[in-house]
Each structure stands twice: as C-alpha cells, then as structure tokens.
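Undergrad: Read top to bottom, the protein sequences are chains P and G. Take 466 as the starting number for the first sequence in my numbering and just add one per residue. Take 35 as the starting number for the second sequence in my numbering and just add one per residue.
Hints were generated in silico from the structure; no laboratory data involved. Virtual Cβ for every residue (Gly too), placed ideally from N, Cα, C. Hints are supplied without guarantee of correctness; some may be wrong.
Partial selection, computed: residues in chain G whose CB lies under 7 Å from chain P [claimed, not checked]: (1) 70; (2) 71; (3) 82; (4) 84; (5) 102; (6) 117; (7) 133; (8) 146; (9) 150; (10) 194.
Derived pair list, reagent style BS3-like, types lysine-lysine, alpha-carbon separation capped at 27 Å [unchecked claim]: (11) G:148 - P:592; (12) P:592 - G:71; (13) G:199 - P:592.
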Amino acid sequence: MMASKLPARLFALSTITAFWGCVPTNHQVAADAGMVKVWVAADRIEAGTPLTIAELRVILLPPEYVPEGVMMDVDELEGRELREPILAGEFIRFERFASAEAGGGIAAATPVGTIATFVTAHAGIRKNLEIGDNVDVTASIGGRPCLLYQLAPVLRIVETGVWLSVSPGDFVVQPDDELSVAVRSRLDLTRLDTLGCLP
Amino acid sequence: MTWILAWLAFAQADPLPEDTVMVIVAARNLQAGIQIKETDLYAVEIPPRFVPEGVFLSPDHVVGRFPRERVLANEYIRSERLANNGGDALADKVPQGRRAASIAISTPVATALKSGGTVDLYVREVDNSCALAVAASVLRVEIADDAAWLIVALTPEQLLVAASKPVTVAIRNETDTQSVSPVSACKLQETAEN
C-alpha cells in the first residue's frame with residue numbers, strides 16, 4: 466500500500482516544486498508592475514549633432530525614480546541640435562537642446578543674448594578643442610598684442626576654424642592677421658581688464 | 035495544498051520593500067567651473083538595480099569639486115561631468131590661471147618634443163632677445179602634413195606677447211627646472227582680473 470502511494474506523492478511534490486519555480490518572486494512582481502518607459506542615451510552623444518532616436522534606448526523604471534524634467538516622449542527631439550553632450554545612460558533633458566524656433570546650425574547653437582563669430586584656427590589647436598571649451602583669442606594688430614575675446618565658449622569646430630559665442634559688446638571686427646586661439650582650463654572663469662590692445 | 039495556500043497568501047501580501055542606496059543629485063543647475071557646495075546637492079534613495087553607472091553615492095566625493103560641464107537640476111552627479119576626473123581633453127590639462135597657447139614650430143623641433151616636457155620660449159626684440167617663459171610645460175605636440183605646433187601653458191601676460199611676436203622654442207632637460215636662462219626676461223604688461 467505504502468509502496469504504491471509513494472510515487473504519486475513524489476509526483477505531487479515535484480509538480481508543486483516546479484510550479485513554485487515558475488512563480489515570480491515578490492520582488493519581480495513589484496518590478497514589473499507600474500513601470501514606465503524612459504529614454505536614455507545608449508552611448509555618449511556629443512554636442513553639435515542633431516539627435517537621432519537610434520542613439521537612444523528605453524529603460525523601465527518605477528515612476529517615482531524618474532527625476533523631474535526628464536523627457537518621456539522624444540519624438541519631437543528627433544533632428545534637434547544638442548547644445549551639450551549627453552552621457553551614456555543619462556536621461557534626456559530638454560534643456561540640453563537648441564530650441565526648435567532658433568533656426569538650424571550655428572544659429573540654433575548660439576545662446577540667446579550672445580552672437581556667433583568665426584575665428585580661423587589651425588589644425589593643431591582645432592583637434593584639441595571640444596564644443597563648450599572656453600577660449601581666449603589674441604592677435605597682433607599693428608605690432609601691438611591684442612586680446613580680442615576672453616572666455617568665449619566654442620560652439621562648433623569646423624575645417625578651418627571655430628565658431629565662438631561672444632557678447633555683442635565684446636564683438637570686434639577681426640584683423641586680417643592670423644588670430645591665436647588659446648584654451649582655458651574648464652575651471653578658470655577669470656576675466657582680465659585688458660580686453661583690447663596693449664600699448 | 036497547504037503550501038499552495040501559503041504561497042497565495044504570500045503573493046497577495048504587499049511586496050517587500052527593496053533595499054535602497056543613497057544617490058547624490060543636483061539640487062539646482064550646476065555651472066561648469068563653479069565649485070559645488072553641500073547645499074547644491076540632495077540625496078535620493080533608490081534600489082541598486084536602478085542606479086546608473088558612474089554616479090556618486092556620497093556627498094563627500096562631490097562637495098568641493100568643479101563641474102567640467104553643466105549638470106542640470108535633479109540629475110544624478112556623474113564623475114564624467116566633474117573636472118579632474120582623469121579626462122584627456124586639453125581643457126582638463128591646462129593649469130588653473132594659464133592658457134594653452136599654440137606656437138608654430140618646425141617639424142624637427144616637434145619630433146624632439148613630447149607632452150610633459152619643458153621648454154624655454156624666446157622672443158626676438160628689435161635689437162636683442164628676451165625669455166618669454168622658462169621651463170614652461172608642454173601640454174601637447176601636434177604634427178600635420180606641412181606644419182607642427184607646440185601647445186604650451188602660458189600666463190595671460192605671456193600669451194599676449196606670444197600673440198604679437200615670433201617665438202623660438204628651446205628644449206630643456208626634463209629634470210632641469212632650476213637653471214636660469216642667460217637671456218633677460220621679457221617685459222610683460224601687467225593684466226588685472228576683474
């Protein structure tokens with residue numbers, strides 16, 4: 466009698482065990498319920514490039530862990546120019562993009578209240594620049610050393626030079642002579658009194 | 035059967051709270067170059083499985099540091115956005131208060147130089163020469179097809195002189211930071227910060 470019931474009990478036990486193995490744990494139940502889809506950058510996306518959705522990926526998060534200001538719908542950002550880089554895995558924030566009304570290209574990248582000016586720069590300095598770096602621009606005008614711009618953020622780096630964002634009050638008509646672009650430390654926000662030419 | 039009933043009761047119970055870790059977040063927009071204070075930060079508690087890579091878990095590792103790029107309000111603080119994170123960009127290598135200036139040099143000089151070395155810079159005056167910089171740090175050496183440049187850390191005053199006159203580069207022994215140039219120092223225009 467006992468011998469005949471044992472295999473049936475073992476079968477029941479194994480069935481229950483197998484069923485238990487398929488059941489989600491409490492944590493899994495909690496994780497799958499109420500998640501929202503959030504877009505993040507798949508890899509670092511550099512400033513100065515129009516965003517493509519292919520550069521993003523979706524992650525699932527409980528809504529309470531989605532920080533304020535994060536873009537949940539990125540369709541309207543497709544093709545919009547980035548003014549600042551987005552790090553790999555970082556949420557997409559509207560503030561990092563040029564506004565849609567700002568026009569395209571350099572105009573879109575130029576912060577409101579500043580103007581963009583082009584400065585020729587040789588390959589040796591261009592390849593060491595990144596968008597957002599602050600530079601000083603010097604020149605020799607009539608043999609006098611001149612500081613034309615200081616702390617000017619780099620908007621774009623192109624084949625022959627750089628586009629800089631400068632205050633309209635600082636803008637100068639550039640001399641024909643060669644200009645020199647010097648790079649600041651990212652931490653150095655000091656301004657000198659000597660904008661212009663020295664005696 | 036008892037097990038199944040027990041499991042059903044367990045499954046219907048409130049989910050157990052997950053373990054969480056503290057993650058450091060920006061309380062407001064943090065601008066590049068402005069030192070981070072404790073009041074610029076707050077902490078959120080989130081389960082470890084939702085913590086992205088490279089975020090800070092303690093304010094002690096963030097307070098006093100400088101963003102190299104803007105950090106937006108409510109963003110996790112990531113090491114890549116802070117200065118002195120070992121970044122290789124030129125702007126990360128320029129000493130505070132200096133400017134990374136490029137000086138055209140010949141290819142033979144360029145091939146003899148390397149980053150981290152030291153050079154003396156001389157400027158030709160009307161009837162003699164002067165030493166613009168002694169033992170200046172070489173930040174980069176760039177060689178193109180038909181040109182080469184030395185990128186060196188200069189003070190704002192030295193930068194202005196270098197902008198207006200041709201500069202000649204002399205190479206120093208890397209261990210020699212003491213010997214004085216026999217050429218008199220260039221007269222530099224004083225500049226004031228505001």
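Undergrad: Now tell me, hint by hint, if it's right for this structure.
TA: Evaluated hints:
Nearest Cβ of chain P to the Cβ of residue 70 of chain G: about 12 Å, over the 7 Å cut. The hint is violated. Because the smallest distance between the Cβ of residue 71 of chain G and any Cβ of chain P comes to about 15 Å, over 7 Å, the interface hint for this residue is violated. Nearest Cβ of chain P to the Cβ of residue 82 of chain G: about 12 Å, over the 7 Å cut. The hint is violated. A distance limit of 7 Å between C-beta atoms decides the matter here; for residue 84 of chain G the minimum to chain P is near 5 Å, and the interface restraint holds.
The criterion of a C-beta within 7 Å of any C-beta in chain P is met by residue 102 of chain G, whose closest approach is roughly 4 Å, and the hint holds. Checking residue 117 of chain G against chain P: minimum C-beta separation of about 5 Å stays under 7 Å; hint holds. A least Cβ separation of about 4 Å between residue 133 of chain G and chain P falls short of the 7 Å threshold, and the interface hint therefore holds. With its C-beta approaching chain P no nearer than about 16 Å, residue 146 of chain G sits outside the 7 Å limit, and its interface hint is violated.
With 7 Å as the threshold, the beta carbon of residue 150 of chain G stays out of range of chain P, its nearest partner Cβ sitting at about 15 Å, so the hint is violated. Annotation: residue 194 of chain G was flagged as interfacial toward chain P, and the flag holds, the nearest CB pair being 4 Å apart, inside 7 Å. Only pairs whose Cα atoms come within 27 Å are accepted, and residue 148 of chain G paired with residue 592 of chain P is accepted, the gap being roughly 17 Å. Restraint check for residue 592 of chain P and residue 71 of chain G: not satisfied, since their Cα atoms lie roughly 34 Å apart, outside the 27 Å limit.
Pair hint residue 199 of chain G plus residue 592 of chain P holds up; C-alpha atoms about 24 Å apart against a cutoff of 27 Å.
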